[in-house]
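Trainee: Chain residues, written in single-letter form:
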Amino acid sequence: MEKTINITLKVWRQAGPKAPGRFETYKLDNISVDASFLEMIDILNEKLVGEHNEPIAFDHDCREGICGMCSLYINGHPHGPDTEITTCQLHMRKFSDGETITIEPWRSAGFPVIKDLMVDRGAYDKIIQAGGFISINTGGVPDGNALPIPKPHADEAMDAAACIGCGACAAACKNGSAMLFVAAKVSQLALLPQGQIERKARAKAMIAKMEELGFGNCTNTGACEAECPKAVSISHIARLNREFLSAKFAD
Amino acid sequence: MMQEQATAKGTAIDAKIPEGPLAEKWTNYKNHQKLVNPANKRRLDIIVVGTGLAGASAAASLAEMGFNVLNFCYQDSPRRAHSIAAQGGINAAKNYPNDGDSVYRLFYDTIKGGDYRAREANVYRLAEVSNSIIDQCVAQGVPFARDYGGLLDNRSFGGAQVSRTFYARGQTGQQLLLGAYSALSRQIGRGAVKLYARHEMLDVVIIDGRARGIIARNLVTGRIERFFAHAVVVGSGGYGNAFFLSTNAMGSNGSAAIQMYKKGAYFANPCYAQIHPTCIPVHGDYQSKLTLMSESLRNDGRIWVPKKKEDAEAIRAGKLKPTAIKEEDRDYYLERRYPAFGNLVPRDVASRAAKERCDAGFGVGSTGLAVYLDFADAIARLGEDVVRARYGNLFQMYEKIVDDNPYKTPMMIYPAIHYTMGGIWVDYELQTSVKGLFCIGEANFSDHGANRLGASALMQGLADGYFVLPYTIQNYLADQIQVPRMSIDLPEFEEAEKAVNDKIDKIMSIRGNRSVDSIHRELGLVMWDFVGMARDKEGLRQAVEKIKDIRKEFWANVYVPGKPDSLNVELEKALRLADFIEIGGLMARDALQREESCGGHFRIEYQTEDGEALRDDNHFSFASCWKYTGEDSEPEMLKEMLDYEFIKRQQRNYKA
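If you read the sequences in order, they're chains A and B.
Numbering follows the numbering used here, in which position 53 of the first sequence is assigned residue number 53; successive positions increment by one, without gaps.
Going from the second sequence to the numbering used here is simple: count from 1 and add 1000.
Keep in mind the hints are simulated off the structure, nothing from the lab.
Heads up, a few of these hints could be off.
[As the list claims (entries may be wrong)] Straight-line C-alpha distance at most 27 Å; calculated DSSO-like pairs for lysine-lysine:
no.: 1; chain 1: A; residue 1: Lys204; chain 2: B; residue 2: Lys1627
no.: 2; chain 1: A; residue 1: Lys18; chain 2: B; residue 2: Lys1563
no.: 3; chain 1: A; residue 1: Lys3; chain 2: B; residue 2: Lys1321
[Claimed, not checked] Which bits of chain B does chain A cover? Going by a derived footprint, with three or more residues having C-beta under 8 Å, they are:
no.: 4; stretch: 1280-1291
no.: 5; stretch: 1314-1328
no.: 6; stretch: 1367-1376
no.: 7; stretch: 1555-1562
For glycine and all other residues, C-beta sits at the position ideal for the given N, C-alpha and C.
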């Protein structure tokens, strides 16, 4: 027999960006522990629709932990109690029978609520648009093997590039800082020979945009690293700080 | 030597394949096509729908060239497109490992892998531009895997005997998409691309026989909006979610394809759907999607089921562990049946072989619908650290979902719908049968024939977006430089918007007692049971009727809460489901008419003595092109004949 649990949910409901929000309580019985957290919400939403009520709005898409769209703050943790996973990979076996589970949207000045558990993370796109790229056009580039890259550099760049842009770092941070997100991109490109030419300009432009968009500063609490579903290390923030300072000194 | 040519004639479908020898066609085309000069590019607007590998690379490249681009995605950011979930890698004919690869071999493997149902000229071009894609991505800062000398590393993949697959751990799609996204972001930042995130295309607007814009719904406000462009490019991905359960993202849909189809674009080969052999098996009726485990796992994992039925039964009952089964009592059925390719046979072959063993009673897992993918030998040979370095993130994903440690006990896998080779018909220029309407990436039907090889989807999406469409679209736009920007108040825009609003009002007014998902699950079951891995005439006839009933049920009994003019996820799903029902019908009809087995399309009636797909080149060497004829009339099927001028078609053989 499949193991099931009974749970109580306290879910943040908010009709729109300007509307006042509140917690609603829902009870769900006989939830399979093999169901994913989002499948549990699907079950609740099916129930709500069946009762001709509006379902809970939440962001999700790939449901395999890579698109970065899911974004729930569960029992006080971005992406819930498990480590190195996104909400869509969280399974109900991580909760116990009779437990009350609190679900909120990301709470951060940089991510305004759109509806219920859905937030606007357009700010992260804007930070990338400010400099998170190498300025080359399609075509006319050198052969892929023209520039050898030491394997440790390529591997570390890949560690940073694993960021999925979900926003858990800023949501976890008491300062609402997006430093880990910015650091992941700056660090990836600073480690690669292709990224050298715009290295200084990139660090300055991305930091400036981050500050302009209302994200806070980093005070090294490490909450971002602890909650990051892809385990992006705060050592990248250290590299970002070095990049930024050396760019400033060069001015 | 060519085999006997198929005889059906009388089609007006012209793929516009350039003259000349195979290896010179693309060069000839580029040398003679029309171009648009820089001053005129600024005056031309192009809509690109979709921000996956195809859409993002096309939008970025077109904007770099100087066109004004409007780019749409339904997600909150272009970086979320489902290309991001591709794991294993991207093929290219670089021959860096010096193992005998070439453009011709990549072309040949792709044509053969597609079971000789793709156009030679398109596939050759794909192989030809593959190397440029790798160079482009490296230049963007994509952190591909490298060896200790600092050069790019390659792995092997199903359907090939060379190592030509470039990869970035198990996240190749993510890294390639983020590369395209960074190029796109740069163009958004400089104002050359206007991004419309959380917008969903709901119709294409045709003026004087040419695509001139789209109608889209702002998913946040619910507002219906009009957009003009001189040309429309759609890269909206595949329609695998017609099966409800698939490895696609929850929002992946076939609606843009159906809108194009209803406006005159042919829907080609809808029945060619790929069932991926290595997915995590279904576990409950609340399940929302299936998770793929990269095919790259088949490089080192060995697939098996118990040799004895009683062992399989004991495993299903939870009385026996797989690790307790002795080597001689295991059936490594792919190695047994296909000694030359072993566990690396193409996806369709591996999927059917798994189904065959499970149907015969040797399946494992609680449902009996699973086979083992075992790494014990690889761990013994290479050490756990090497296996972890190669597949660590996949093993972690598996463990989080299934709660089982694949380093200690074999993974369980089963086939699932993954990719659709069929799609909107396009000519050599990637233009649909509607002028000014282009279709790229998985959304079109062009390069994979009846089956796609692993690591070829990323290649095709980026080939279309970086290196093909940006050329071919100019051949069309060169004639459009005198066309001024049109007003979105023209009657054609007004009518298209009204039709969209009428459809939404109709859905909202039904107020029945079925949720969208409950009807979608019902459709999915019909698709899996009758239009899935093994199809036959009787089942497909039933499917056509059942899908008609589901269509009636939807339009009579669906319930969508909330208001249309606000954020309404149920309405979004309902609009997509209405189109999946149409696609399901097309898939079943197409599978019914194709009385042969080829690639991902397997008809039980047409197989060799040892159970392999049996093609019929005399009668079915064509792309079936379905033409919309109206809401309540049967679609008409046209044929684009596939003439094989350059290679000899053979029965696919992965045994020796």
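Trainee: Hint by hint, note whether the structure agrees.
Mentor: Results for each hint:
1. A/Lys204 / B/Lys1627: Not OK: lysine 204 of chain A and lysine 1627 of chain B at ~54 Å, beyond 27 Å, violated.
2. A/Lys18 / B/Lys1563: 18 Å, holds
3. A/Lys3 / B/Lys1321: 20 Å, holds
4. 1280-1291: With 7 residues in contact (Cβ-Cβ under 8 Å with chain A), the coverage given for the stretch 1280-1291 of chain B holds.
5. 1314-1328: violated (count 0)
6. 1367-1376: With 0 residues close enough to chain A, the hint is violated.
7. 1555-1562: Coverage by chain A holds for the stretch 1555-1562 of chain B (3 residues, Cβ < 8 Å).
When the structure is compared with the earlier hints, violations turn up for hints 1, 5, 6 and for no others.
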